[in-house]
Amino acid sequence: MNIKSRFCQNPKTTTLYNSQVGALVMICSVAYKLSSLPSIVNEYMASSTTWLFVLLTVVDTLSFVLVYAFFHDGGDEELSSNKAYKIGLIFLALFLGFKCVAFFSFAVLFFTVELYVGVPHVIVVLILIAPVVYLGTKGCSTLARTAEIFVFMVFFVVVLNLAFLEADLDVNRNLPVFSMEPKDFFAHSLRYGTWLGNCFPLLFVKVKNKKLPYVSSSYAVTQILTLIVVFFGVAMYGDSMKIIGNLLVEISGFNQLSTEIGRMEWTALFVVIVSGILELAFLFYGVSECSNRIFGCKLVLQIALPMVAVLSCTIPRSPQVVADLSHQRIVGGVMAVFSLILPIYFVILKWKNRRDYLSKFNYVREKKEVTK
Amino acid sequence: MVILYLRGRKVNTKVCPSGYKSEVLVKTQMVTLQDFKNKLTTEFHDSDDLFFRQITTDNVSCVLCYLDGGSDKQLLEQNVIAPILRAQSPLSSANLSSTVFYGEEIKPTPLDDCACKIAEGDVILFFDGESDANLLSLRKFDKRAVVEPPTSNVLKGPREGFIEEIKTNVTLLRRRIKSPSLTVKNMQIGRFSSTPVALVYIDGIAEAKVIDEITRRLMAIDIDGVIDGAYLSSFIQGRRMSFFNQVGSSEKPDVVASKLLEGRVAIIVDGSPLVLTLPFVLFEDLQDGYDYYSNDWRSSMVRVFRILGALLTILLPGAYVALQSHHYHLMPLKFLITLLSATNGIPFPPAIEMFFVLLLFEILNQASIRMPRLMGISLSIVGAIVLGDTAVKAGLISSPAVLVTALSAIGIFCVPDQVGTLSILRFLFLCCSSVMGLFGIVILFLILIAYLASMDSYGSPYLAPYAPRITPDLKDGVLKSSTVNMTKRPYSIPSSNRNRMKEQRPDDRDFDNGSTPYHTKHVDEPENDVSTQNDVERSKQ
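Quick note, the sequences are listed as chains Y and C, same order. Numbering of the first sequence is given in my numbering, commencing with residue 1 and proceeding in unit increments. Numbering of the second sequence is given in my numbering, commencing with residue 1001 and proceeding in unit increments.
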């Protein structure tokens, strides 16, 4: 069926350059991992915070490799009519949707604390949802181009803040490596599954390769940068990191340039706002693409998701309720499991679909030869 | 054939709405001079500038018809009327070419088209009893000299500028591109104005799909008149509601010629000194002809300054208001103390104050552009004194606000082609920052970049070569590389031939090493390059 409507279109796999995918990977992976997560992790993990981030990096890398294999091999075009794929997409939509709502509540909290002290949540929510929806509906190509413009600024600001860091660093605060039993460590680590699988919307794109390995190098740089920031954060704050709201902004406060050109927090604010909104928009895009493939219409979840995000931040007394929910052991555990199972499921589905196609092709060929 | 309703009656016309009577005459094969004159007089509604010159001798009976002031009377008398009067044998359309002195082939013109041709400035020669007339193009309109355009002054480089006359403009381009591949396609747009429009491109470089699409859009325009090229811009641009330029324009032939060589298409409109170019990318407005006539290092530096100027223009007033109203804790202490002492006692909040100063600046700017030159000087003095001195002394506005406005006002002219857009953006950022502070600025900036990233012009991404990043095109990006290194045409512009020049080897450029660089073939063309093969085949033909 050929659908010709502005909102309901046939599923289309966007083609991006690998440099654009690299930019998306970098800009959509730093915001919430470096702003909201460190203090939450530190609350339970204390000196093992860095090591938990290492664990999250390993798990995230595993799922990213699978996603990479999927989109590098032509995306999901061949699976568009596969029912099993659509079932997987329902879970993917739930996964991305929950991530989007949780991160949205973190963003609202951050803006309320850092920028709009005393302003009602509703106003911040309404201000924040507009750019997210606008960017998300623009599509992956626009998001990728926007990320290409901002990625260098984001990278430069983070590196600048680290390079001119002026603080009492004590790397021993990262020790002991395991401040708790390994069993407890791994059990607790399940809480943070919401922060995994940021790159899942890339399942809906195809990649056109340029010469250099932009995607892998960008992913590696992002993960290393994240670990360095967290390592420095623990070295600066130790166990008291749990009381800081936003690690990236707090780290940039201790800067040699602050006395000369003003407080450097604003540079980190810029990074957090830009990459935070782009990450939310990227998740929103992922959900709307799921909707397009499941219902044949983007509009269903494009309306539902913002409404859920707005209501979840306005109906409870504070967005903190949703934020707290995101790192409950059960919720986090389910998200962690999904972050690994979903890419495996999609890759197997693609492999099976291709094998079936080849066997059918061989069968037809053999039949033709017999007929001859 | 288009059926139009004009002044309450049904008329039947091809190009201009004047064919009602001619429909009757077309059916009559033999038309007398009086019928012809009556028909034209009716079609021109007894207009006083319609002239007839009837010639009746033993050998000829004809009438010349033209509009006063539109044709070259001297040429008409010397080359047309005099030979006709001296004709020794009976004269008709068949032997007209061998009698009059005329450079082009004289083609018979249907009587339906005569009125339109006369309106365009041509002379019609009609012989008694014939069914067709003869067209003599002896147009002569006053035109200004080719001078340096006031909007594109250069320190070094060509100083010629386009004028309002289309043929002169085409000639100016032909003087720079002396190749038969430079193709000019003429058309007329406008039901009443019948404005000549020329589509200019280099065959073999410009992409055929782009040419076809532009031609299609131009042919689809149905408007009463095209007074300037700007009329066409709104029809051929992608997004009509956007306040960003989506069509390039230049008054300089050297700039347009270089754009044609990159694979773009130019549109020249009669009556407009601005030549439109397509496809258009935003970065074009940050480039200037002078960049290519000066040192590459200097050009790169100047381009960085231009971008900084544009950013200062749109962000500075908003950032000032955001820092003063919402985030004063972000400023260094000494700077904050100085600012507070300078703004102490101002009766308005920073947003209102800045809005007021910017509004004053825009009003003064518009007034100074439109005022006679001598009065403009007095206006600028009054404006400077009122704004810069009296208002500050009176304590109505602060000196930092004036300083910020002045910086923003100067910066806007770093990118002269985007003055209108930057001015609108400046107010938008001011509004956002006054309500939402720094967050508003960042959000609006993000939305703006996303909006620009989603735009394209005839297959060219609007933010190219930065989003998407097209590495070879970065040679002519913010940091300009040497012309020697730009061996390929921009990839961001659709083109059927990417090769601009043969690649130069380092030793070829080094003339001091004693080697003769001319005897060797520099580089082998790639065998699978379709465009190169096409070029070779074309040259063989």
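If you are wondering where the hints come from, they were derived from the structure by calculation, not from laboratory data. Beta carbons: idealized from backbone N, C-alpha and C, even for Gly. Treat the hints loosely; a few may be bogus.
Covered, in the sense of this in silico footprint (three residues per stretch, anywhere, with C-beta under 8 Å from a C-beta of chain C), are these stretches of chain Y [claimed, not checked]:
#1 72-78
#2 137-143
#3 243-249
Label pairs and their in silico Cβ distance ranges [to be verified]:
#4 C/Asn1295 - Y/Arg354: 54 to 64 Å
#5 Y/Phe91 - C/Arg1500: 51 to 61 Å
#6 C/Phe1427 - Y/Ile261: 19 to 29 Å
#7 Y/Ile261 - C/Leu1340: 26 to 36 Å
#8 C/Arg1144 - Y/Lys12: 50 to 60 Å
#9 Y/Asp184 - C/Thr1338: 51 to 61 Å
#10 Y/Asp170 - C/Asp1389: 42 to 52 Å
#11 Y/Gln320 - C/Gly1238: 43 to 53 Å
#12 C/Thr1338 - Y/Gly139: 15 to 25 Å
#13 C/Leu1479 - Y/Ile341: 26 to 36 Å
#14 Y/Ile341 - C/Thr1338: 33 to 43 Å
#15 C/Leu1403 - Y/Phe91: 26 to 36 Å
#16 C/Trp1297 - Y/Ile261: 52 to 62 Å
(request) Check each numbered hint from earlier against the structure, then list the numbers of those it violates in ascending order. (result) 1, 3, 7, 10, 12, 13, 14, 15 and 16
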